[in-house]
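These protein sequences, in sequence, are chains A and B.
Residue numbering for the first sequence follows this note's numbering, beginning at 257 and increasing consecutively.
Residue numbering for the second sequence follows this note's numbering, beginning at 20 and increasing consecutively.
Honestly, the hints are just simulated from the structure, not real lab data.
Remember, it's a predicted structure, so these values are computed and weren't measured experimentally.
Don't take each hint at face value.
Which residues of chain A face chain B? A few of them, derived with a C-beta cut under 7 Å, are [claimed, not checked]:
| hint | residue |
| --- | --- |
| 1 | Ala473 |
| 2 | Asn536 |
| 3 | Phe549 |
| 4 | Ser577 |
| 5 | Trp688 |
| 6 | Glu710 |
Where is the CB? At the ideal position from N, CA and C, for every residue including glycine.
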Amino acid sequence: MLLDSSSFLLFFGRFHPLIVHLPIGFIILAGIFELISWKKKVDLNLAITYGLLIGAIFGIIAIILGLMLASDGGYNDGVLNIHKWTGISTAAFSSIAYFFKINFDKINWAQKAYRSTLILTLVLLSVTGHYGGNLTHGSTYLLEYAPNSIRLLAGLKPPRDRITVLDSALVYEDVVHYIFESKCIVCHNSDKAKGELLLLDPESILQGGENGPIITAGDPSESELFRRITLDSNHDDFMPSEGRTPLTKEETSLLEWWIEEGTPFDKKVIDLVLSDRIKNYLKEIGIGKELSFLESLVLPSVSQGIYDSIAAEGFRLKTISGNSSWFEVSYSSYNSDELTKEKLSILLLAKENITWMNLSGTSVQDDWLSDIGQFTNLTELRINNTQITNEGIKHLVALEHLEYLNVYATQLTDDAAESILQLSGLKKLYIWQTKITPEGAAEIMAAAPELKVETGI
Amino acid sequence: MDLFNEARRKRLEYTTRRHFLKKCSTGLGGIALASLIGPQDLFAKNLSGNGISDTLPHFLPKAKRVIYLHMAGAPSQLELFDYKPELEKLHDLDCPKSLLEGKKFAFIQGTPTMLGPQHKFRQYGETGTYISDALPHFSSIVDDVTIIKTMHTDQFNHAPAQLFLHTGSPRAGRPSMGAWVTYGLGSENENLPGYMVLLSGGSTPSAGKNVWGSGFLPSEYQGVQCRNSGDPILFVSNPDGMSRDIRRKSLDAINAINRSQFEEFGDHETMSRIAQYEMAFKMQVSVPEAMDTSKEPEYIREMYGAKPGEASFANNCLLARRLVEQGVRFIQLYHWGWDMHGDFEAASVNQGIKMRCDEVDQPMTALVKDLEQRGLLDDTLVVWGGEFGRTPMRENRGGRVMPFYGRDHHTEAFSIWMAGGGIKKGLTYGETDEIGYYGIRDRVHVHDLQATILHQLGIDHEKFTYQFQGRGFRLTDVHGHVVNDIIA
């Protein structure tokens, strides 16, 4: 099959980015060598001559390929023009510099003109490169993550702080635009409107691209945008194209939801129909994520010395996750020594950091729990299969963040309810094989309807 | 002071901090760059150590351990979880050509007939979940589990499919899920292996012991297989005339030799061997105790239907709970005989599947309930499932009519359930088409399941890699997405 002329042009045109860095390298190298030979008084003239020559030759090839690439369209004309003409000038001045260099001794004024020509070439090269980068990545790419002071200097607005609270997040600004920005805008921006489509603001989105509108409000299946992102990734029309990262399942579903809801641009997320599923997907892109008490807890780490002295008493102390300072601690029934009050008190060295404690099956006594009552950040406590009674539980009432309490197979009775109900943060309570009666358990459940009480079979 | 030393001293005096800054600025830049590139990749680390500077889990885990109940042979989803009344109406009709074109089957040839569900379904629980009559016990816990109906896999034969499910690759040689998990998280109890394997039924899975192997990970992370009768672990008890003291002394001597060997050659397998000997020594005490189900009260054994000494799934479920209590990280149970092609009665989807269900239904239900009442289901993830599913068509091996009702291997849709470990309660996830042939909504690939299991343990499956043969390997290879929808 013969290639038609436009794909023929594009086939070669796409080699432009591949070739274009060669002249850049050669010409800059020539500049650096010139600097070195001037500073260190060494003769690098031959290398400089070749650098300029090869730079000019590849520059011309890059120009030809670049013109082929530009024939596809989809680029901002203004930026493209600057890039084109500075590029051509760079190659031209590089050739001139080469000419002066080889005629250094033959023509009188070549010596004078050479240096300024080379400097001009290097300046042009930088300008060309910058605009080329803008064409590919968009003009905001370079300074996207720059500090605000630099952004202001460059005349850019400081980025809007994204709202991540579910109740106040805006559906377009914080969800749709956020997704477009991370996956689509790199090609659909004012410098590089591929398919004549811009996804920058509500107006440009509603305007659509070269094939007309891209969104049918209320009907994802009739919306070109949704069709393109849900095609098989090998399909010609699949977006994002050119092997860029596809949208995740969550992002795709959120766009589908936005279109189904009639593509609102100024509404809040909570003004739309919000299923649990959509809420979960919003969490995936950072909206409405609620940190648990544990996750919001920022603590200084435990020193190695404290860690070692706790481990020396036979405890197993471990960070709950690799980069956190939350610790879980347990005492194994395989330890040759039984747990004692003295051993337990060593844990107080890390009382803020220990958030999960497992003393199940140990010899822990009621009065030892007064120590445990000081572990203010404790969220999980297992003292099941022990001799604990109501007296012991009384020591725990200050643990306001305790969410999980396992006291199965202990001596607790119905009177423990008073202490248990003072644990305001408690979510799960395990009281199987205690002396708490079904009526007692029912009373706890009635007094704390949010608390899950497990009484066993 | 002689002239030479004086000269040297003078020279050193001329070297000032200024020299350091001038000469070493590139080096300082290099050090700064190294920390930018990622220092974690520059230095060797021991992932499973119990030290203070562990890097795993990557984030707050919901589950600390896993019990994986694998039904080798692949149970029929159409008789157990995926209720398809439409298929009932199509019973005995020829399968339309459109369903067969371009499909690969293990045995079906020509045009098979459709096969309706062979068990009655009823709705259970507050969620009104349809469950087969073959699982009378399980139906009581539907509100506590998540059932995924749209599992799918790449492999349609048992051995590769089992390998795929357990190791993420259909070919032998990769580490199993349990090995990855214990390698990453270590054991919660240094007296027991972190990864234990309990078999019940007639044989090991078709894929052999590879499904609990350690692959290229250090071999101490492979699953330790336990026997149902006699010594739970072969050769772990001392022979006659060998006391525990003598054993200790001989181990010390062997370890000393091994250590000097390691210092000379630096082979990490030598260290694995030392760790294994030490573990075996500890297990002489810990294993018989942990494995002794006769210590359980009668009503607990009745709840599971467990009889001590029997090689039954019920016993193994009870054992799994005991091991979980002791902090074993990953427990893999295998049950056998689910490959129901219809070639004999025990391999039929009407009578045969009932026989298998009778063996697993009560124990697996009891396991979930027992973990819950002990407060362990909260951080123990239980997973139940086979390696693939079965066809809505009746098998017609060699074009003939099989003596009993059977179904062929099927990769596109099968059902599993998960409970505990931060998984939603009372959820049915995914939807298959009207005959249960293909998932049409929320499909979950085997790699997605693996990614999700690791996620519940606080592990990012994309970051959890092991360098081998020049590249980083993962359990999920280059695939897998966490199924966030089923996470509570």
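Q: With chain B as the partner, please determine if A:Ala473 meets the hint condition of a C-beta pair closer than 7 Å.
A: violated (24 Å)
Q: Against chain B, run the beta carbon of A:Glu710 and see if the smallest gap drops under 7 Å.
A: holds (6 Å)
Q | Closest C-beta approach of A:Phe549 to chain B relative to 7 Å, hint status | A | The hint is violated - A:Phe549 has no Cβ within 7 Å of chain B, the shortest such distance being about 11 Å.
**Q.** Interface hint status, A:Ser577 versus chain B (Cβ within 7 Å)
**A.** holds (5 Å)
(Q) Does A:Trp688 hold up as a contact with chain B if the rule is Cβ-Cβ below 7 Å? (A) Given a least distance of 5 Å, the restraint on A:Trp688 holds.
(Q) Hint validation: A:Asn536 versus chain B, beta carbon distance must be below 7 Å. Holds or violated? (A) holds (6 Å)
Of the numbered hints given earlier, the model fails hints 1, 3; all others are met.
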